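Colleague: Residue-level listing of the chains:
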Amino acid sequence: MAFRTIWTSLALAVVVAAGAPTMASAQGGRGGGPPYTPAASAKDLRAVLFNWTSYMGMLRGLDEHELITTLEYQGNGTMQVDGQPCTIKKYRVSINYQLPGQRTQITCARAGGQTYTNVEVVNGQYAWNESVPGAEIAGTKGTVTPMAAAVQERLIRLWASPQGAPKAALWGVNPTIEWGANPSVGIKDGTTTQGQTSLTWEGNKPVLTFPIPGVPGATATATLDAKYMAERVVVKHAGGTTEFAYSGYKDWNNKLNLIDTMYAGKITERRNNAAVRDLTTVETETGSVYVVMPVPASVKKAITPIVPAPPERPMPAQAPGPGEPQIPAQAAAAVTPRRADGKPDLSGNWISGGMNWRYGNRRCGPTQAEGCTPAINQTADFEFEAPSRFGPNRPLYKPQHWDKVIALDMWTNKEDPVMTCQPLGIPRQGPPRRIIHLDNEVIFFYGQYADGGGGNNEYRDIPTKGGKHDPQQAVESRYNGYTIGRWEGDTLVLDSISFVDTTWLARGGFIHSSDMHVIEKLTRKGNEILYEVTVEDPEMLVEPWVMTPKVLRYGGAGQVQPERNHCEVYELNDIATQIRH
Amino acid sequence: MIRRIFGCVVLCGLVASASLQAHHSLAGVYDLKKEVEVKGTLTRVAFTNPHGAMHITVKGADGTPVEWILTTGSASTLAGLGFGNNGPNQLKSGDEVAIKIFPAISGKPLGFIRSIVLANKKEVQISTGSSRD
Chain A
1 MAFRTIWTSL ALAVVVAAGA PTMASAQGGR GGGPPYTPAA SAKDLRAVLF NWTSYMGMLR
61 GLDEHELITT LEYQGNGTMQ VDGQPCTIKK YRVSINYQLP GQRTQITCAR AGGQTYTNVE
121 VVNGQYAWNE SVPGAEIAGT KGTVTPMAAA VQERLIRLWA SPQGAPKAAL WGVNPTIEWG
181 ANPSVGIKDG TTTQGQTSLT WEGNKPVLTF PIPGVPGATA TATLDAKYMA ERVVVKHAGG
241 TTEFAYSGYK DWNNKLNLID TMYAGKITER RNNAAVRDLT TVETETGSVY VVMPVPASVK
301 KAITPIVPAP PERPMPAQAP GPGEPQIPAQ AAAAVTPRRA DGKPDLSGNW ISGGMNWRYG
361 NRRCGPTQAE GCTPAINQTA DFEFEAPSRF GPNRPLYKPQ HWDKVIALDM WTNKEDPVMT
421 CQPLGIPRQG PPRRIIHLDN EVIFFYGQYA DGGGGNNEYR DIPTKGGKHD PQQAVESRYN
481 GYTIGRWEGD TLVLDSISFV DTTWLARGGF IHSSDMHVIE KLTRKGNEIL YEVTVEDPEM
541 LVEPWVMTPK VLRYGGAGQV QPERNHCEVY ELNDIATQIR H
Chain B
1 MIRRIFGCVV LCGLVASASL QAHHSLAGVY DLKKEVEVKG TLTRVAFTNP HGAMHITVKG
61 ADGTPVEWIL TTGSASTLAG LGFGNNGPNQ LKSGDEVAIK IFPAISGKPL GFIRSIVLAN
121 KKEVQISTGS SRD
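Chains as they are written, first to last, in the working numbering: chain A, 1 to 581; chain B, 1 to 133.
So here's chain A without its partners, still in its complex pose (with noise of 0.2 Å):
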């Protein structure tokens, strides 16, 4: 969001685009084989980063990007309160590693009979307890209270973890490498140690040392089984240890979504030889599904945090995903056309780049299931690659509605508006393919396969003399929604209302509602348009959506547009799994 108006960044973003076959082959080569491919007796940091993310089934698509950014866990066991044991009844975390983020929803029976309940939440440097998940956030009822003191032991509890500890060494060696980025990149061969991480051998077990992202003076200590997983993560700071031990790595998912993600199905928390948690896994979704855990006012008012901000991490960047066209490479540097009223002329058609990864039949992992064949893995990694799902950018809804948006995500092949052959909307349907400036009005053409898939030929006919919405028009619902146009010096700006409330946002369950507010902004600049867009929803939404804006790039002057595809789905009863699209 940092780049949310700044033109030289995208350009370049689009000019690194350009170069993305290049790229691609840095790692492995489009159309090459896969990155990287550790020798047999390779001993060196590369080689057991790489082994650690691949053997635990972390990096998805044909050029194995490490794609895991959230993850549901439920878990039983015991857990000590007051350094009593209690015994678990419900143990819920939900992990967001970008922000990163934790929330772990306890419920335990303590030796006495009661029950104890409790939220933790760490958000970057906040911790708070919530008497229900997301209270105070948007007039969720509950209370909060703020744990400044509980920060740094949340941090290392969720960085130790058995996905997040790889993540934190990667971390260590470069933090400001593209997100996603697959774990050989930017490695060196043959060195054992490269930037905060480091390699050392107890025979013929990895160690890896690390620091805790956002912990001052936290050092990881991770010791790795013959597969390549922790087996240990020891975490030494301010004078105390923690002991992490795992066992048990299988894929613990839902069998109606196995995807051949590992995690440990025995967790145990010491400190300081203590028992803290003695945890025994019972369900993982590791399928990128929605976690999110806004900072309460009243949390941000108590807590300064003791460490500044991580510097962002780029997106890497934007490609053609299955279906779209190529992104012309060209520079913007072109002077820009206009009309007889001076506007800048919009007309032609616009190519712009859409899902980030590339897809492909990607070689079986060695942890993988019995069965695995490249096809196979190339349809299982679908759910990690829209870049919705991935984020880091993505819609802030109320508290009420996260584990709907959960629970559509989890059948979207049911549930996607785009099953039963609707139009995928604004903004799901992304930038017009084709404009057509007319002194009055600009037509706008779509294409297929929008969103990485699904989607139809579609127009819009937008009139750009400003004015208000006239209250009649905006009675009748639209996939679209009711657009008036205006101009704001060169900026094009799109204000639509009156939506259906049946489309979705974008892959990942993003459901609207019908007061759903949307504002389009197309700035053209030489060869290319800034197109940017906000949605606003107050009733759904806890903050207007500024989605990561996109770079149209001029594709010729205008090509005469298909119409729309006759559309029918055959298999929508028969959805029978929650691997999904």
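No lab work stands behind these hints, which were simulated from the structure alone.
All figures in this text were calculated on a predicted structure; none of them were measured in a lab.
Simulated crosslink set (DSSO-like; lysine-lysine; CA at most 30 Å straight-line):
#: 1; chain 1: B; residue 1: K108; chain 2: A; residue 2: K255
#: 2; chain 1: B; residue 1: K34; chain 2: A; residue 2: K414
#: 3; chain 1: A; residue 1: K250; chain 2: B; residue 2: K33
Chain A side only, calculated, beta carbon under 10 Å to chain B, not exhaustive:
#: 4; residue: F382
#: 5; residue: Q448
#: 6; residue: D574
#: 7; residue: A576
#: 8; residue: I579
Just so it is clear, CB atoms sit at the ideal spot from N, CA and C, and this is done for glycine as well.
We have chain A already, so just place chain B on it with the hints.
Modeller: Below, chain B alone, put in the same frame as chain A:
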């Protein structure tokens, strides 16, 4: 691009172009570890998006006809492979064909097409297993 591949079905993995795969996850409906061949008469050929489909009537062991609905790539993908109401791999109702499919997990007469043996005995691979097709 027309592929004439004989007997490579075992080696050839999944599915035409990435564009069709993007629509929904095939693994959500079909068992990608199984292969079934159905033989019968085409009763409907639908060149539709997001997936084309063929209805094929197959005679069961007791002679009862069963209609299978077999989905495949999008109309655009199929056109690229020469399938259409016209084209080198013309398909029309009444054709006798054999189709290799991934069957639906649900056990219903539903599948995703891997390859087709046309009425003229030509076998056309639809799922080649390469994302770069």
